[in-house]
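Novice: Residue-level listing of the chains:
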Amino acid sequence: AQSVTQLDSQVPVFEEAPVELRCNYSSSVSVYLFWYVQYPNQGLQLLLKYLSGSTLVKGINGFEAEFNKSQTSFHLRKPSVHISDTAEYFCAVSMGTSGSRLTFGEGTQLTVNP
Amino acid sequence: DTAVSQTPKYLVTQMGNDKSIKCEQNLGHDTMYWYKQDSKKFLKIMFSYNNKELIINETVPNRFSPKSPDKAHLNLHINSLELGDSAVYFCASSQGAGLPRFFGEGSRLTVL
Numbered sequence: 001a002q003s004v005t006q007l008d009s010q011v012p013v014f015e016e017a018p019v020e021l022r023c024n025y026s027s028s029v030s031v032y033l034f035w036y037v038q039y040p041n042q043g044l045q046l047l048l049k050y051l052s053g054s055t056l057v058k059g060i061n062g063f064e065a066e067f068n069k070s071q072t073s074f075h076l077r078k079p080s081v082h083i084s085d086t087a088e089y090f091c092a093v094s095m096g097t098s099g100s101r102l103t104f105g106e107g108t109q110l111t112v113n114p
Numbered sequence: 001d002t003a004v005s006q007t008p009k010y011l012v013t014q015m016g017n018d019k020s021i022k023c024e025q026n027l028g029h030d031t032m033y034w035y036k037q038d039s040k041k042f043l044k045i046m047f048s049y050n051n052k053e054l055i056i057n058e059t060v061p062n063r064f065s066p067k068s069p070d071k072a073h074l075n076l077h078i079n080s081l082e083l084g085d086s087a088v089y090f091c092a093s094s095q096g097a098g099l100p101r102f103f104g105e106g107s108r109l110t111v112l
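Sequence order for the protein chains is A and B. Going by the numbering used here, the first sequence wraps up at 114, each residue one higher than the last. Going by the numbering used here, the second sequence wraps up at 112, each residue one higher than the last.
I should point out that these hints are in silico values taken from the structure, not numbers from a laboratory. Treat the hints with care, as some may be off.
[Said to hold, decoys possible] Derived Cβ-Cβ restraints for the label pairs, each shown as a range: (1) N57/B to Y39/A: 30 to 36 Å; (2) K22/B to S26/A: 35 to 41 Å; (3) G16/B to L56/A: 49 to 55 Å; (4) T111/A to G96/B: 30 to 36 Å; (5) I55/B to S26/A: 26 to 32 Å; (6) S5/B to G53/A: 30 to 36 Å; (7) I55/B to L7/A: 31 to 37 Å; (8) S70/A to S80/B: 45 to 51 Å; (9) K52/B to I83/A: 39 to 45 Å; (10) S30/A to E58/B: 16 to 22 Å; (11) K52/B to Q109/A: 35 to 41 Å; (12) L83/B to Q2/A: 25 to 31 Å; (13) S28/A to N51/B: 30 to 36 Å.
[To be verified] DSS-like, lysine-lysine: derived pairs with alpha carbons at most 30 Å apart: (14) K67/B to K36/B; (15) K52/B to K9/B; (16) K69/A to K36/B; (17) K49/A to K71/B; (18) K9/B to K49/A; (19) K44/B to K49/A; (20) K69/A to K44/B; (21) K22/B to K71/B; (22) K49/A to K36/B; (23) K22/B to K49/A; (24) K71/B to K9/B; (25) K9/B to K36/B; (26) K69/A to K49/A; (27) K49/A to K52/B; (28) K58/A to K36/B; (29) K44/B to K58/A.
[What the hints assert, rightly or not] Examples of chain A residues toward chain B, derived with CB under 8 Å: (30) F34; (31) Q42; (32) G43; (33) L44; (34) Q45; (35) L46; (36) K49; (37) L102; (38) F104.
Predicted model, so just to flag it, every value in this text is computed and none were measured. We put the CB at the ideal spot given by N, CA and C, even for glycine.
The following block holds chain A by itself, in its conformation from the complex:
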């Protein structure tokens, strides 16, 4: 079985500050990792994904995440956030590259204040 834990339910930050949203996973087999974003009044949208290769992956809107196998983590980072980054962010894990075994975490609400 696989599971995902997002360590912070809410992260408030000021505009232009760096941010890190934490995600840990557990699985008995190799997994693939993803981050989705949900802007207010919209559905989820894929932000970035780790399937293989470089452990540092870059996504849309300046976000990046680093896969750390030894720590079973996949934290999301952005060096300087904007007001428009205010959204809920979901970490997800899958045993395959398809969406058949996709397990999401509970989400982290990022609020960027002026």
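Got chain A sorted already, so can you dock chain B onto it with the hints?
Specialist: Relative to chain A, chain B alone:
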């Protein structure tokens, strides 16, 4: 324009009724999905269609029947609703039978 739209957004009904949730995507994607979100916010896949053909059918009661009239639509019909069916159902789409890229806003079903 909304990429993936679901209707209705809220649905309250009695046990034993039959209901449908509709989903439409205007992205030109060829693959659509239905996910169920339980109270802990975990999304679990139920079905996936690629080019109108069923490619994923998880362990879901046969009271749930997906229907894809064309690539842009994937509807979910539920017969004989039970209390445990109460949840938020998400539709999603992608190009290619892989990872869902865009999700709808969800449809909250409450069975009384």
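Novice: Each of the hints needs a verdict: does it hold here or not?
Specialist: Taking the hints in turn, this is what the structure says about them:
1. N57/B to Y39/A: 30 to 36 Å: The hint (30 to 36 Å, Cβ to Cβ) holds, given that N57/B and Y39/A are roughly 31 Å apart.
2. K22/B to S26/A: 35 to 41 Å: holds (36 Å)
3. G16/B to L56/A: 49 to 55 Å: holds (53 Å)
4. T111/A to G96/B: 30 to 36 Å: Given a distance of about 34 Å, which is inside 30 to 36 Å, the answer is holds.
5. I55/B to S26/A: 26 to 32 Å: Roughly 28 Å apart at Cβ, these two residues keep to the hinted range, so it holds.
6. S5/B to G53/A: 30 to 36 Å: holds (35 Å)
7. I55/B to L7/A: 31 to 37 Å: The hint (31 to 37 Å, Cβ to Cβ) holds, given that I55/B and L7/A are roughly 34 Å apart.
8. S70/A to S80/B: 45 to 51 Å: holds (49 Å)
9. K52/B to I83/A: 39 to 45 Å: The hinted range 39 to 45 Å holds for K52/B and I83/A, with Cβ atoms some 41 Å apart.
10. S30/A to E58/B: 16 to 22 Å: The hint (16 to 22 Å, Cβ to Cβ) holds, given that S30/A and E58/B are roughly 21 Å apart.
11. K52/B to Q109/A: 35 to 41 Å: holds (37 Å)
12. L83/B to Q2/A: 25 to 31 Å: Check passed, 28 Å falls within 25 to 31 Å.
13. S28/A to N51/B: 30 to 36 Å: holds (34 Å)
14. K67/B to K36/B: holds (16 Å)
15. K52/B to K9/B: With a Cα-Cα distance of about 24 Å, the restraint between K52/B and K9/B holds, given a limit of 30 Å.
16. K69/A to K36/B: holds (29 Å)
17. K49/A to K71/B: With a Cα-Cα distance of about 25 Å, the restraint between K49/A and K71/B holds, given a limit of 30 Å.
18. K9/B to K49/A: holds (28 Å)
19. K44/B to K49/A: With Cα atoms ~18 Å apart, K44/B and K49/A stay inside 30 Å; holds.
20. K69/A to K44/B: holds (24 Å)
21. K22/B to K71/B: holds (13 Å)
22. K49/A to K36/B: With a Cα-Cα distance of about 22 Å, the restraint between K49/A and K36/B holds, given a limit of 30 Å.
23. K22/B to K49/A: holds (28 Å)
24. K71/B to K9/B: holds (21 Å)
25. K9/B to K36/B: holds (14 Å)
26. K69/A to K49/A: Since the Cα atoms of K69/A and K49/A sit roughly 15 Å apart, the hinted pair holds (cutoff 30 Å).
27. K49/A to K52/B: holds (26 Å)
28. K58/A to K36/B: holds (28 Å)
29. K44/B to K58/A: holds (26 Å)
30. F34: holds (7 Å)
31. Q42: Because about 7 Å separates Q42/A from the closest Cβ in chain B, which is inside the 8 Å limit, the hint holds.
32. G43: This interface hint holds because 4 Å falls under the 8 Å limit.
33. L44: holds (4 Å)
34. Q45: holds (6 Å)
35. L46: For L46/A, the interface hint holds, since the closest Cβ of chain B sits about 5 Å away, which is under 8 Å.
36. K49: holds (7 Å)
37. L102: Because about 6 Å separates L102/A from the closest Cβ in chain B, which is inside the 8 Å limit, the hint holds.
38. F104: holds (5 Å)
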